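Those protein sequences? They're chains A and B, same order as listed.
Heads up: the first sequence is residues 947 to 1411, going by this note's numbering.
Heads up: the second sequence is residues 947 to 1411, going by this note's numbering.
Where hints are given, some of them may not hold.
[Unchecked claim] Taking lysine to aspartate or glutamate and the EDC-like style, the derived pairs with C-alpha atoms no more than 20 angstroms apart in a straight line are:
id	chain 1	residue 1	chain 2	residue 2
1	B	K1188	A	D996
2	B	K1188	A	E999
3	B	K1185	A	E999
4	A	K1188	B	E1004
What the hints contain is simulated information worked out from the structure, not anything from laboratory work.
A quick note: this is a predicted structure, and the numbers were derived from the prediction, not measured.
Protein chains: 2
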Amino acid sequence: MIRILTLAALLATATALPAQTPPPAPAIPTDARVAALRDAALASDEYAWDIVEGLTTEVGQRMAGTEAEARARVWAVRKLTALGFSNVRVEPFALPVWERGFESAEILAPFPQKMAITALGNSGSSGPAGVTGQIIAFDSVDALRAAPASAVRGKIVFIDHRMMPTQDGSSYGQFGAPRRQGPTIASKKGAVGIVVRSIGTDFHRNPHTGNQNFTDGATPIPAGALSLPDAEQMARILKRGKPVTMRLTLVSRNIGSRPSGNVIAEAPGRDRALAPVLVGCHLDSWDLGTGAVDDGAGCAIVAAAAKRIIDAGRPLRTIRVVWFGAEEVGLFGGLDYRARHGKEPHHAIAESDFGADRVWRVDSKLGAARKAEAEALAAALAPLGIVRGSFEEASGSDIGPMAADGLPTVELGQDGTRYFDLHHTPDDTLDKIDPAQLRQNVAAWTAMLGVLSGGIEQPRRIRRR
Amino acid sequence: MIRILTLAALLATATALPAQTPPPAPAIPTDARVAALRDAALASDEYAWDIVEGLTTEVGQRMAGTEAEARARVWAVRKLTALGFSNVRVEPFALPVWERGFESAEILAPFPQKMAITALGNSGSSGPAGVTGQIIAFDSVDALRAAPASAVRGKIVFIDHRMMPTQDGSSYGQFGAPRRQGPTIASKKGAVGIVVRSIGTDFHRNPHTGNQNFTDGATPIPAGALSLPDAEQMARILKRGKPVTMRLTLVSRNIGSRPSGNVIAEAPGRDRALAPVLVGCHLDSWDLGTGAVDDGAGCAIVAAAAKRIIDAGRPLRTIRVVWFGAEEVGLFGGLDYRARHGKEPHHAIAESDFGADRVWRVDSKLGAARKAEAEALAAALAPLGIVRGSFEEASGSDIGPMAADGLPTVELGQDGTRYFDLHHTPDDTLDKIDPAQLRQNVAAWTAMLGVLSGGIEQPRRIRRR
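All chains, full assembly: derive it from the sequences and hints.
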C-alpha cells in the first residue's frame, strides 16, 4: 500500500517519468517443487560455504598455470566427486605464464616516500634496479593518447581517474581503460614505465592487479597499479607543482607455457539426447588474495545449486558444471571449452563470476521462441527480490565468447556495489563473503536450474507453456 | 521532549536501571567569547586539515629517529612559525633505532600459501633465510604462559584472540597483551619465532605493527603480526588437525642511537608568571602508513585550536603546543619533556593521540580545589555532545608519565570505534580523516583552551566561579 501511494504521488508530481511503466510480468506459476528447492536453499546452506571455505583455505591463491592452480584442480575433482557428481574430469590446455616478483614504488623527489604498488599482468620487468623517471600525469587514457610522444618519452606515466561503485559493475568497463590500454599507449610514446590509479573503489593500501597485454608491437614496460590512497597522495604531491621523480621497481618474468584445465562435472539428465544446461565459474584466481569472491564464491554457488538438484532427484536435462581454468589472464578456459564444445547444442549457458553479494537482476537471451521459458525463469526468481532485466542481452566472463556466438545465455546479475573494493586485491579473502547473501545466490541458481533443466523427476517431455 | 518521554518510559519499565541517575551538572554559563570561538571552529576549519594534509603529503611516514622524522621536525618548525606561534624550538634527544627489512610468512605444509605479515617493533631478525618451525597455537598470552617450555621449544608460536572495537579504546589494553608480552614469553620458552593476530579490528590484509620489548633477558626472536584475514586463515588451517609448518622471514636491524626531538611552540600568555597549559600530540609515526590518524591529526587539532586562540587575542596563561618525537617506540619524547620540565608547574596537560573521530567524553584530574574549573570545562564542551566523564582520572600517551606524577591533566576522549581498523597499519592515510569530525575536535580543544587558559584579552585574574 505504501508503495502504491508513493508511486501515485510520484506520477502526480514528476514530469520526467517515462509515459508508460513497463507492462506487468505475466502471472506464471512457479513449479511447486522448484519453489520449495529455492526456498530451502535460501534458508540453509549445506554446500556453498563449505566449498569456498575449503578451496580458499586448503589451496588459497591459484594463479593460472601455476602449481597452485594444479592443486586446485586436484581439490576440485575430489570435491565434485565426493558431492556425487558424474563424469568428473579435467579438460587440459596450456597457456603462457607471467610471474610476479619484487615490487616497489618510491617517490625520490620532492617528498621522498614509498607507495603501495602491484604489477599488472604481463608487466615488463624493470629488473631489480628499477627504472627512474619524472612523473607525467593524465586524467584519462584519452588524455595520454592525445599527448605528444616528446612529452612522454623517458618519463613514467601516471593515469588518474575516478571510478565509482555501481550496482551493475558497469563502471569497470569504462574506467578499466587505464589498465587495459594505458601500458601499450605509454610504451609506444616512449615512457619508461606506467602507474595507474587502481581500477577499484576502496581506500585501502592494497592495489588492484589485473590483466593487460602489450599490443600493436609495443615493447613491454613496467606497468603497475597504485592503491587509491597512494594515487590520491600522488595527485596531492603533483598539485604542489614541483617535478616529481619516482623509482619504479617491478620485477617479473615470463616462464613459458604451463598446463591448466577446465574441471567439468555433471548431473546427468533423464534424457541424454537433450542439450545440457551449463553453469560455470572460474577456478583460477589472481595471486594476491585467496580468490574468495573472485571466483571461489562462483564455483561454490553453481556447484551447490547443481548439488541441490541432484539431492532432489534427476533433472530432465543434464546439468553441466564447469569450473574454468585460467580466466583472469585471458579467458583461456572459456576459449578452450568453446573450441571443444562451442558447436554442440546447449540449452543455456550461465556463469557466476561477480562475487557473492545478492543477485538483484536476471537477464537472458534465449531467443524469441523461448520467451515463455525466460518469463518463467524471471517469475521463479522474483520472490528473491530479483528484478526482470533484459530478454535480449546476457553474457558472462568465460562464457562471453560463446554468448557472442549466439548460445542461449542467462545472466544472474549480482550486486557489485562493493565488488571493486576487493577485486584483484590481497583483500579478496573468505571473511568478505556474507553467508546470508551467499545463500540467496544459491537459491537463485537452484531456481534457475529447476526451471531450465526441465523439471526434476517429471515426465520426459518438458511441459510447453 | 522525545528524550524525556523515552526516559520516562524506560524508568517505568526497566528494573535493571540504577536506583539513582547521576546528579545534573551545575549550570555554569560558558564565557560568550569561548562559546563563539568553539562554534566558529565547528563551522569551518582554516588550519587543521591544512596541517595534517601537509605533514602527511610532504613528509609522509616519519618513523622515530629516522631521517624522515628529522624532515618532519623541519617541516613542523616552519609550519608553526608561519602560523605565528612564538618560541618555536626543538628540544633534541636520542634513542636507539630499530629498522624494518624484508618480511614474509609462508605456510609450507599442509596447505602451501603466503600470509600477510609485518614485524613488531624490536623484533629479532630471522636473517634472509628465515626460520622454519611447526606452529603451536594459543588463544591468549595466559595460555602461552601456562604451556610447558618443552611444548614450545623449536616451534613458532601463534597467539590468537578476539579484540573487538570499543568506543573508549579499552579493548586495546587487554587484547594488546599478545603483542607486548607474547614475544618475551615465547622466547624464554625456546620458540624460534612468534606470530600474533594483529591487535586490530579490521579485515584487511594490512597487519598492525606496534612496539614490544624483549625483557627479562629474553633473546630477541622474529616476532610479527598477521593481518586478521590471515590469522583467521591460520585458525582454519589449524582446525584441520594436521601439523602446520611455517617459514617466517623477518629481516631487521638495530642501527644504534639516532637523534629525535620535541617540537615546541607557544602562544604567550598575558601573565608570564602563570603556569602554562600544555597541549600535545606526537610527530613521529610508524613506518607503514603516513601517520594521518596516528598522530598527524592530533598535531593538527592541538595546533589549530591554539592558533584559533592566537587569532582571537592573548590568553591569560601561555599555551604551549608540544609535538612530541619518538612516541611510538617508547614515549621517548614524553619522557624527555618530563625530565626537562616535569617539575615545573603546569596549569594543565592534555594530549590528542587517538585519531580524528569526534570527541565524545571529557575526563579531568585537576584536583578537588579546581572542581569548578573542571565543571566549567565540561559545560563548555557539552554543546558539542561531549559527555562529562571522570573528575578523578585523566591521562594520555606522552603525557602519561607526567599525569601519573600528578600534573593536572585533561583528556578529551575521541570515539575509538574505528581507530583500531587503522592503527599502526599501512592504511593510516589522509583519506581516513573525516573533515567534519576533525572540526568537532578542533572546536572541543578550542573550547578547552578558552576555559583553561584563563580568558582571552580579559582582566589579568581569572574569574572565580
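Hints, one by one, checked against the model:
no. : hint                 : result
1   : B:K1188 with A:D996  : holds (18 angstroms)
2   : B:K1188 with A:E999  : holds (17 angstroms)
3   : B:K1185 with A:E999  : holds (12 angstroms)
4   : A:K1188 with B:E1004 : holds (12 angstroms)
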